[in-house]
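*Asks:* Sequence:
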Amino acid sequence: MAEDSELELLRESVRRLVERKRPAVWNSAGATGRCDPDVWAAVRDSGLLLAGLDPAHGGFDRGLAAAAVVLEETGRGLFDAPVLANMIGLQLLQRAADRSARAAACLASVIEGSERLAFGWSEPGARFGRTGTTVHHVDGDRIRLSGCKMVVIGGGDADTLIVASQSAEGTPALLLVPAATAGVECDGYALIDNQGGADIRFDDVDLPFDCLIAEGAEAQAILDDGLDFAALAATSQALGAMQALFDLTLDHVKQRVQFGRAIGANQVVQHRLVDLLRMIAETRVATGAAFAALAAGTADRSLAVATARVLGCRAARKVGQDAVQFHGAIGTTDESVVSHYFRKLIFLSTIFGDAGHHCDRFAALDDGELGGAAGPLSEAEATFCEEIRAFVEAELSPETRAITAAGGTPPQALRLEWEQALGRKGWFAYSWPEAEGGPGFSVVEQFLFETITAEMNAPRLPLFGIKMAGPILNAFGTAEQKARHLPGIMAGTTSWCQGYSEPGAGSDLASLQTRAERHGDHYVVNGQKIWTTAAQHADWIFMLVRTSREERRQDGITFLLADMRSPGITVRPIISADGHHGFNEVFFQDVEVPAENRVGEEGRGWSIAKYLLSHERLGVLGSLALRQAMGRAVRSAGRLDAAGRPFGDHPALKARLTMLKIRMRALDAWIARLLADIRETGSVGQDVSMAMIAATLLGQDIAEFNMEMLGEDALPFSFADSRAPERRFGPAEDFTRTATANYIYQRVFTILGGTTEIQKNIIAKSILGLPS
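So the sequence shown is numbered by our numbering: it starts at 1 and just counts up by one.
Where hints are given, some of them may not hold.
[Unchecked claim] Capping the alpha-carbon separation at 30 Å, the derived lysine-lysine pairs in DSSO-like fashion look like this: (1) 610 <-> 254; (2) 254 <-> 318; (3) 318 <-> 21; (4) 610 <-> 318; (5) 482 <-> 610; (6) 318 <-> 654; (7) 254 <-> 765; (8) 654 <-> 610; (9) 610 <-> 765; (10) 21 <-> 254.
[Unchecked claim] What follows is a list of derived Cβ distance ranges for each label pair: (11) 652 <-> 105: 49 to 57 Å; (12) 766 <-> 555: 16 to 24 Å; (13) 380 <-> 515: 50 to 58 Å; (14) 655 <-> 296: 28 to 36 Å; (15) 570 <-> 259: 29 to 37 Å.
Simulated from the structure, these hints should not be mistaken for lab results. Idealized CB from N, CA, C, for every residue including glycine.
Make the full structure from the sequences, and use the hints.
*Replies:* The following block contains the structure:
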């Protein structure tokens, strides 16, 4: 989603400031851990620290969205000033300022530029937290403070310290401590990224009582939200650093020549760069969603922050490592800015909790709810959702629902019963506009329809009629073709299959060999199609055939429709490794296809094929039924072991399930972002292809988890039934009997519609501009 003009202006302003203060030469030898006074004066005069504050406290109108821009740009430019430390401190102060005159006065001083802040949180031996060793006690109208804070960023430059403490009874508190107070000892040093850090000891420090700016539940609430902001702020700075380092690396691989060609022409390099791009994009979406949740104060805001933090830390580590690798030896030297970004990312992926810490935090906060991806709904959208739920409840048979809930595939008769019920409602062709006979659902309503029906365990709808043949006929078909075929597609009474892939022509579709020769008013087709899904049930097939041989392979391909009952068509089943009969070979021997069944001009089928492929690939995201599979994972983790303990409480399994939930939540945020783009602009951006890769990989990993949760109980298998056999002493839950079959079946989702590797090739060329 594009930024508005105010945020764009802010971004440009911060970027100009950072560029003006960027060092001419990168050199760590003279790093002192102290901020250059001229640099800090520029920060003070720019007012950028006001980003993220409420307007009542002098902040910008854009709240945390403005803070995210400042943080990202300072990370992008490796800005050598304690912006992160002071923005965290300001967030804590503004929460306390309404109740504490001292906090309000300090806030005003920082805003006017006469004070600098640092936040003391971590304590020795705590690893991202407190051990309870920093303790205060009340002595009349005075406060006595003792303890130690470690790795306080900006601590050596701070005038005032915000210190997390506790009473002797364990009551949490926040104290404002002037850095020059007697008994405060600061040991400053440079951190891994050359900015300043400090260990600060408090030796029976004597403070006025009003230095206690919050205590008890109020202090804990301020600390919780402040630490959420701190983790998110570090992630936002890391986003800027990752993007800058990625851009440097992308430019390097385009220019660096080895063995006579740019190293960016190597497919392995291209695929790794696409993976990095996807990780950065995923982090950006999750971070934006977490900032929005934090600003709105939603109940799940800490889960949103933990999600963004886990993904951000993992991405930062991977981007840094791969950037050094791609730059070679120069990337390991201090004189190269690459190594400075690498070290910055080490800092930002560690401070305020690394990926492991926030993964544990997510697990502790998780309430078991899987959430949703639609984002805020309008009143009309909410009413529409209720209508869908009522319809599914009334029309979807309990038997079909039970089979789907268990991860099975209902028999064709039950599937047709459901599809034709949708047809009678006018919803089977749910993606079609009203002008073409469909219900005219918006893209958001289509997503809601897919999501709710999946959540209520409706089987996946076949793509070939409603998402492929129908749109093609509406776009390219003649009036006669539309009249003949569209009513049956809309009613769910005519089944279709797709004849694209051939032996030796899968992802490389232009190499297809099935021939169609024109003989008067018909074509004679000879050849073979393979991996033809549902051909055994299909009434019609749409297919690509070669009608001439041209210099360019994509030319001479024609798009035909054929009745599957035509003489000369033979369907031979391909049984999958899980025992399922979904794929087929289809043989054509002198099959006569009327010329009136040709769609579009002869020899122009490739343009139609590209149109269809885009529909197929966009449909993959909705067809994965990830929420159904994730629900089975949660139920599987709740099964009890021999000691009565849930399997999901075992540390290794708990960590894996937590990571799956984090990725699911991130994908929900990504889909919500795409839907917001559609609401705003009517289209989706380039991120959709990367979101689809993330979805397919997540689906495979969920299926793997569900199988491995069973241990040796995953091994009994009835090949003919595509499920485990009934066992007197085995697991009783029905979904456990399909887990192994689903794991095997999930392999197809990184193949169909163009393999994941082909998708990465496309992204590398079209988005990254890498050479062939």
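*Asks:* Within 30 Å, alpha carbon to alpha carbon, are residue 482 and residue 610?
*Replies:* Measuring from Cα to Cα gives roughly 20 Å; hence the hint holds.
*Asks:* Is it true that residue 652 and residue 105 lie within 49 to 57 Å of each other by Cβ?
*Replies:* holds (51 Å)
*Asks:* Check the hint pairing residue 318 with residue 654 against an upper bound of 30 Å on the C-alpha distance.
*Replies:* Status holds; Cα separation ~23 Å.
*Asks:* Does residue 610 pair with residue 254 here, judged by a C-alpha cut-off of 30 Å?
*Replies:* holds (28 Å)
*Asks:* Would the hint linking residue 610 and residue 318 be met if the CA-CA limit is 30 Å?
*Replies:* Roughly 34 Å separates the two Cα atoms, so the pair is violated.
*Asks:* Regarding the pair residue 254 and residue 765, is the alpha-carbon distance no greater than 30 Å?
*Replies:* Holds: residue 254 and residue 765 sit about 12 Å apart, inside 30 Å.
*Asks:* Is the Cα-Cα distance between residue 318 and residue 21 30 Å or less?
*Replies:* holds (28 Å)
*Asks:* Holds or violated: residue 654 and residue 610, Cα atoms, limit 30 Å.
*Replies:* violated (43 Å)
*Asks:* Given the hinted pair residue 610 and residue 765, is their alpha-carbon gap at most 30 Å?
*Replies:* Roughly 17 Å separates the two Cα atoms, so the pair holds.
*Asks:* Is the hinted pair residue 21 and residue 254 satisfied, with a Cα-Cα distance of at most 30 Å?
*Replies:* holds (29 Å)
*Asks:* Would you mind confirming whether the straight-line C-alpha gap from residue 254 to residue 318 stays at or under 30 Å?
*Replies:* holds (20 Å)
*Asks:* Indicate whether the distance between the beta carbons of residue 380 and residue 515 respects the range 50 to 58 Å.
*Replies:* holds (52 Å)
When held up to the earlier numbered hints, the structure conflicts with 4, 8 and 15 and fits the remainder.
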